[in-house]
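**Q** So the sequences go chain by chain: A and B.
If you're matching positions, the first sequence starts at 11 in this note's numbering and goes up one per residue.
If you're matching positions, the second sequence starts at 11 in this note's numbering and goes up one per residue.
Everything hinted at is true.
With a Cα cut of at most 30 Å, we get these calculated DSBU-like pairs of lysine-lysine: (1) B:Lys31 <-> A:Lys145; (2) A:Lys31 <-> B:Lys91; (3) A:Lys122 <-> B:Lys91; (4) B:Lys15 <-> B:Lys91; (5) B:Lys91 <-> A:Lys123; (6) A:Lys50 <-> B:Lys123; (7) A:Lys175 <-> A:Lys17.
Quick caveat, the hints were computed from the structure, so don't treat them as lab data.
Protein chains: 2
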Amino acid sequence: MDLLKEKILNEGRVVSDGVLKVDGFLNHQIDVSLVNEMGKDIYERFKDKGITKILTIEASGIGLACLTAQYFGCKVLYAKKSKTSNMGNSDLYTSRAYSFTHQTENTVLISKKYLEAGERVLIVDDFLAHGEATKALIDLVNQAGAELSGVAIAIEKGFQGGGDKMRADGVDLYSLAIVESMTVEGGVVFRE
Amino acid sequence: MDLLKEKILNEGRVVSDGVLKVDGFLNHQIDVSLVNEMGKDIYERFKDKGITKILTIEASGIGLACLTAQYFGCKVLYAKKSKTSNMGNSDLYTSRAYSFTHQTENTVLISKKYLEAGERVLIVDDFLAHGEATKALIDLVNQAGAELSGVAIAIEKGFQGGGDKMRADGVDLYSLAIVESMTVEGGVVFRE
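In isolation and in its complexed conformation, chain A is listed as follows:
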């Protein structure tokens, strides 16, 4: 999506190899007008899939998920993160996601009653790198007996391979911008 790529080139900052800061428009300050256009773009890509729910994860996925859900006319469910593992609550689906950024493993959880068998789920998130968070969300969808209709990501770090592995596994993954490489000196290069 050209609008997002331009924004990344103009306002994103590669702060170290592998770390792209987009906190001026995506995950601290949110440029709602831009993110709204991203939501429309995601809708165009998945509008024929009969999506009944958008699933994301706190906190940085919530803005994009809500603005996107308006076009689908569906609700958003955001998974919560917790570092404690004493959550054997029978009302919850839980999964585990390792964060390479923070080098911690998080429990990711949703209430069973808000994701039902038969729902057609679109997963939406701001970043996909190794794909750990996305895989945990897919696991929750599977546990609920719901159908994974697709995954929409704002920025995929193509060079970390998580997205391509997911495509090879048959996931209908759409990334608005795929970063092929990035360095502090050379900046960001997108995949053609």
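Guided by the hints, dock chain B onto chain A, whose structure is given.
**A** Below, chain B without anything else, positioned relative to chain A:
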């Protein structure tokens, strides 16, 4: 706001005295259509204030803030929470907020560059009880030299007094629903 009050009466659950669960439409699953109407309502109340930025706090304020910001045509900034206190970073404004719900004190922080002197800020959040989180956000606005134009809250727990104290201090606080009392047996009673 009648639509929200009806939703609380129909789908909210008082799980213990003082704790109201609205995770079916506001802070886990998000009823985007309802929250959009809430955003319009907030816009009608503050549209003449020349708002240039909406400030909220992760994670549960982000959905309402983004959907509301569309009507104002402004950006959202969400403060991040952290329990660590080793953040003497000169690029940040930080404040402290005690959570009565979780009985922890959190550091609340924003990047200095995303809130500038002269901005007219509307604070938006899902809940106000004792008002600790809101006060921390107001503190950040003051540190930045920005102007606090108002505070919009989805659900105020009127019986905990934080909102009335804030009004007495001259804050232009608008709550879409003010809970006057609530008990497991008697349910929710709104302020007239």
